[in-house]
Every structure is written in C-alpha cells, then in structure tokens.
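So the sequence lines, in the order shown, correspond to chains Z and L. Here the working numbering is used: the first residue of the first sequence is 7, the next is one more, and so on. Here the working numbering is used: the first residue of the second sequence is 7, the next is one more, and so on.
Heads up, some of the hints might be wrong.
Which copy is meant is left open, so a pair is good if it fits within one copy or across any two.
Said to hold, decoys possible - In silico DSSO-like links for lysine-lysine, alpha-carbon gap of 27 Å or less:
id : residue 1 : residue 2
1  : K305      : K198
2  : K198      : K96
3  : K195      : K290
4  : K68       : K198
5  : K305      : K68
6  : K298      : K78
7  : K96       : K161
8  : K294      : K305
9  : K185      : K305
10 : K290      : K172
11 : K143      : K195
If you're looking for bench data, these hints aren't it; they were derived computationally from the structure. Every value quoted in this text rests on a predicted model; they were computed, and no experiment measured them.
Protein chains: 2
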Amino acid sequence: MTAFNEILVIGSVALDTIKSPAGYSKEILGGSAAYFSISASFFAPVNLVATVGSDFPDAHRKTITSFGVDLKGLEVKDGLTFRWEGSYVKDMNCAETIETQLNVFAEFKPCLPKGYEKSKYIFLANIDPDLQIFILKRFSGKRFIGCDSMNHWIKNKNSSLKEMIKKTSIVFLNDMEAKMLSGESNMLKAGKYLLSLGPKFAVVKRGEYGAILFSKDFIFMVPAYLLEDVRDPTGAGDTFAGGFMGYLAKTNKINEKNIKNALLWGSVMASFTVQDFSINRFLKINKKTIEKRYGDFKKLIAM
Amino acid sequence: MTAFNEILVIGSVALDTIKSPAGYSKEILGGSAAYFSISASFFAPVNLVATVGSDFPDAHRKTITSFGVDLKGLEVKDGLTFRWEGSYVKDMNCAETIETQLNVFAEFKPCLPKGYEKSKYIFLANIDPDLQIFILKRFSGKRFIGCDSMNHWIKNKNSSLKEMIKKTSIVFLNDMEAKMLSGESNMLKAGKYLLSLGPKFAVVKRGEYGAILFSKDFIFMVPAYLLEDVRDPTGAGDTFAGGFMGYLAKTNKINEKNIKNALLWGSVMASFTVQDFSINRFLKINKKTIEKRYGDFKKLIAM
Chain Z
7 MTAFNEILVI
17 GSVALDTIKS
27 PAGYSKEILG
37 GSAAYFSISA
47 SFFAPVNLVA
57 TVGSDFPDAH
67 RKTITSFGVD
77 LKGLEVKDGL
87 TFRWEGSYVK
97 DMNCAETIET
107 QLNVFAEFKP
117 CLPKGYEKSK
127 YIFLANIDPD
137 LQIFILKRFS
147 GKRFIGCDSM
157 NHWIKNKNSS
167 LKEMIKKTSI
177 VFLNDMEAKM
187 LSGESNMLKA
197 GKYLLSLGPK
207 FAVVKRGEYG
217 AILFSKDFIF
227 MVPAYLLEDV
237 RDPTGAGDTF
247 AGGFMGYLAK
257 TNKINEKNIK
267 NALLWGSVMA
277 SFTVQDFSIN
287 RFLKINKKTI
297 EKRYGDFKKL
307 IAM
Chain L
7 MTAFNEILVI
17 GSVALDTIKS
27 PAGYSKEILG
37 GSAAYFSISA
47 SFFAPVNLVA
57 TVGSDFPDAH
67 RKTITSFGVD
77 LKGLEVKDGL
87 TFRWEGSYVK
97 DMNCAETIET
107 QLNVFAEFKP
117 CLPKGYEKSK
127 YIFLANIDPD
137 LQIFILKRFS
147 GKRFIGCDSM
157 NHWIKNKNSS
167 LKEMIKKTSI
177 VFLNDMEAKM
187 LSGESNMLKA
197 GKYLLSLGPK
207 FAVVKRGEYG
217 AILFSKDFIF
227 MVPAYLLEDV
237 RDPTGAGDTF
247 AGGFMGYLAK
257 TNKINEKNIK
267 NALLWGSVMA
277 SFTVQDFSIN
287 RFLKINKKTI
297 EKRYGDFKKL
307 IAM
C-alpha cells in the first residue's frame, strides 16, 4: 500500500492560447505531459519525457518542477515550442482548433534518461502511435501501461494505433474517439471493442457527463463532478489520466476496488483542471483540497 | 412500507408515428400518460386522466388496462386522437418533430372520476400549465405532486409554468428544458434555480447520460444504464417519472434513501422503454426482470 512506484509520462509540453467564455489566455503552459504529470504528482513521483524549443519560458519549467515532477527527460531543442490555439466560445464541451504549430514537436524522438526505464507506471500520452510503440520497446518486465490517442491517429495511423493499444494495460479515449475507432455508435459496443484490441481496461471519458470503465469482469460508471465555474476544459482528459494512474501507482495494486477508486480520483483531478486556465487551479490546491473534493464527489454518487 | 398508495397521472394518450434507425412504426400507442402509467403500474395502482378520440383503437385501451391501469378517467370525445410523428434518424438523443395533430387533445379539460381525488401521488405530465394549476385546485391535504413540462410552455406560458411548479413537490425536466427555464447554461446553477421556484426536489434528465436529483440537503447523480439495443427513445422521460413516482408510492415514505432509490428505479424503467417502440418492451417483462436490471444497474454504479 505504501510502496511508492514511479510514473513516467511521454507526451507534449506546449504553449496554449485559449479563448473561452471566461476569457482569453495567451501562450499558457499546456500539453498532455504537462497536465498529466502535474495531476499525477499529487499521488506519486513523476518523470516526464517531452520536447520544447529554446523559447520555452523558464517560468513554465519552474511551475512544473514546483510539483516535484522530474524534468530530466524534457529535451530542449533549437527552434520553437509546440503551440496550439483553441476556442471554446461556441461549445464548452468541444475545442475548435484555430491553429496548430508543431514546431520542435514534429521531430520528437523520445529519449529516456537513465533510471526512467525503471518506472512501473507508464503513460503514453497522445503522440504518434509509432513513437508510442518505439518507446515501449525500451521496457521489459511487468509494467502498467496507459495510453491516449486522438482522431488524427485513428484516421491516419489506424493499424499502428491498434498495435500500440494491444501492448497496453489500459486505453483512455473520449467518447467520440471510442466511437470512431470502433466504428460503433453505441457506447457499450464501443467499450467492448476497445477491450477486444487487447488491453485489460478501457476508460471512455465523456466530459461533463463523466466516465465509463470497461473490463472483462465489470463495468463501472461515474458522472462528472458538478461545478458552477467552468473556465477552460483544456487538459481535463490528461489530468483525468494523471489522477487515475497516480492513484494506482500510489496504492500499487491493480484490483477492482482500486481501479474503481482510480476512476473517482481521475474525475476529481479533471474537475479542478476545468476551473481555471492552464494548470493554474493546481497552484492553489493541496492534498487536503483534493481529498475534500473526493469526499464531496463520493456523496454525490453514493446511495 | 407495504401501505399502497394510489397514483394519479394527468396527461396525454396519443398515437405516435416514429422513425428511428431501428425502423418505422405507425400509429403506435404513445402519450405521456400512457408511458407514465404503464411504468408506474409495476409499483402501485395507477389512475389515468386523459382524452382520446373515437378512433382510439380498442387494442391500445386493452394494452393499457392489461397493466392494471384504471381508465375511468380516459374520456372519449368525438373527433380524432392526438397524433405525433417524430424522427430519430438524425439524432437518437433528440426527436425531430415531423407533425403534431392535437385533435381532441386541444380541448382537453381534465375531469376527475369519483375517487381519483383521493390519490396521494399525483403526476402532472406535460400539458398546458394553466390546466395543471386547474387540476391541482381539486386536491386538498398532503399530496406528493410531480410535474413535467416542455420548451413550448417555457416559452409561451412562462409565468403560469412557474406558478404551477411552485405548487409541486418535484419537477422533472430534461437538461435543455432546465437550462431554458433557468436561463443558466450551467447545470448546477440550473438545478438550484429549479429549487428556488419552490419544489422540494428537482430531477434533471440527461437522456443517455443519466439524471441528477437536486434538493436543498443533497444532490444525487446517476448515469444511465448502458444498453446495446436502443430502438426508440420516445417516452423515456415519462417512464422515468413513472418508475420514480411509482417507487415512492410503493414505499410511501419520502426520505433521502427512498428518493435516491427512486432515481435508480426511474432509470431502470426508462432503460426498458428505449429498447423497443412504444411501450412494447413492457409487454415482455415482469417485476423479476425489473428487479434483475435494478441489481445490474446498482453494480454498474457501486464502488
């Protein structure tokens, strides 16, 4: 229970520019690995592998390390950092991409610093599935591997994506991605399809409607925590996975009870993310705040 | 616990013509009171007040009475029965109305047969809020009153609707209606607004995403039961309310435990409705089938 296990995340660190009904924020800290690592850091030590350009602000780097995340794997390359601009003005549940500049992320070839290969919990955030497969080859022995992806890879690297998912323990997708990958419009059929690809678990994230965990032995559903203040949903899915994987690493035992609880902790971490732009909400909370919300969330769904 | 209390529903009995990806069904039994009463009949005796035309098929009448629903309050008028034609071909979560023929329903002036005024549990299904208020004047003493409404009345009879909701114990609306009536795009704010109108409880139905129960003392959320076969969502909301009110009438005690359980029973009854056109699924199930699904549903959401 108390044996700590390190978490490794491979993904993106980016500069996001976000428009939402709550305002406009320019070049704020973003990227799947940034969101995931900060969320998971509340549960267990986290190592991060990503790439940024030489323009990446030192303040953002300090923000990430202030959560205890190890950045030895954050490679700095000549060039510009990955930038994404999105808007939630029309629909708070679905980002409209205004601009994507891959920059140095286009050439990302993840490199594991010494020691990182010992991490027992690995999260392959949304990157090219061929890179995800390439990274997995660095690991041997028993690991708990989670992965995420997106519509772009479902469409353009379908067979690599399926090959990658087969090698993982758990796949995290949102409902649209799950339906797209499975070709099923029905959620239950889509969930079963994800399991048929090989992973032991599949989590379908439904935004403000919660999440569903599929496994061979059980299905578990949770609604999302109700909030009055939703300012920026960016990163909710990655902080969800961060809370989920973080809790499993902390407890270090994969069983039904912990997996179900992980779905709650993931939901709780995602609920903080959307309350402010970037990872700003996490700068103002601590383990106590998180435990309090976990308790409130349990009350919302307990009989 | 075993003291049975009668339920009274005032609403519509209609002939529906439905197109969905699962097929096409013409002039099948529909209407809020038909759906509600058949659902509630699995829990407690139900009295129905509605109006139909002289063309209403005897087979449909027999179908309703086969569930033990009392039809003394089903007035037959010269003219045609209320007809509604809808399509779910574009969106399974939202009916597109193709045609509405109010016919005799346009002149509906609900009349309570002797004895009906003793019903302790009353459900004012979606009709003109002025008629809902008119009916309530027939009742004195302590009652548990539920109500439903729709976008048409929110728009065109807003103050009557609010006056009516104030007189009820619980209001059932879907998420779009709750947002429209409250003027809030946020679900938590919308729920609080509904309570501010006066009822002790408010239920917001979210279709395939479940339901939320709001009260001053607690909020309770459930996802919807996962199904592989969804054929026709018509009537899901009314059967939800039927299961909810039916369970409360059966237990005859309004407390947090029963109210939370009622949300589950409502969800269970709605889950059967959508599996077939009209009320057809209820012709093939019994209390055991329902209890089995209630158990399965609890497993889906229990920690």
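Is it within a copy, between copies, both, or neither that the alpha carbon of K143 lies no farther than 27 Å from that of K195? Cα proximity of K143 and K195: none, with 31 Å in one copy and 49 Å across.
As a check of your reading, is K96 near K161 (CA-CA no more than 27 Å) within one copy, between copies, both or neither? both (25 Å within a copy, 23 Å between copies)
At 27 Å max between alpha carbons, let me know whether K68 reaches K198 within a copy, between copies, both or neither. neither (42 Å within a copy, 40 Å between copies)
Evaluate K195 and K290 at a C-alpha cut-off of 27 Å and name the case that applies: within, between, both or neither. between (40 Å within a copy, 24 Å between copies)
Using 27 Å as the alpha carbon limit, work out where K305 and K68 are close: within a copy, between copies, both or neither. This pair counts as neither: shortest intra-copy Cα distance 36 Å, inter-copy 44 Å.
Which holds for K294 with K305 at a C-alpha limit of 27 Å: within a copy, between copies, both or neither? within (17 Å within a copy, 30 Å between copies)
I want to check one pair: K305 and K198. Are their C-alpha atoms no more than 27 Å apart within a copy, between two copies, both, or neither? between (29 Å within a copy, 17 Å between copies)
If the cutoff is 27 Å on CA atoms, where do K198 and K96 land: within, between, both or neither? Let me know, please. Answer is between; shortest inter-copy Cα gap is 24 Å, intra-copy 32 Å.
Have a look at K290 and K172 and pick one of within, between, both or neither, based on CA distance no larger than 27 Å. Cα proximity of K290 and K172: none, with 38 Å in one copy and 40 Å across.
Should K298 paired with K78 be assigned to within, between, both, or neither, using CA atoms and 27 Å as the limit? This pair counts as neither: shortest intra-copy Cα distance 33 Å, inter-copy 54 Å.
How would you label the pair K185, K305 (within, between, both, or neither) given a Cα cut-off of 27 Å? between (31 Å within a copy, 24 Å between copies)
In this structure, the hints that do not hold are numbers 4, 5, 6, 10 and 11, in rising order.
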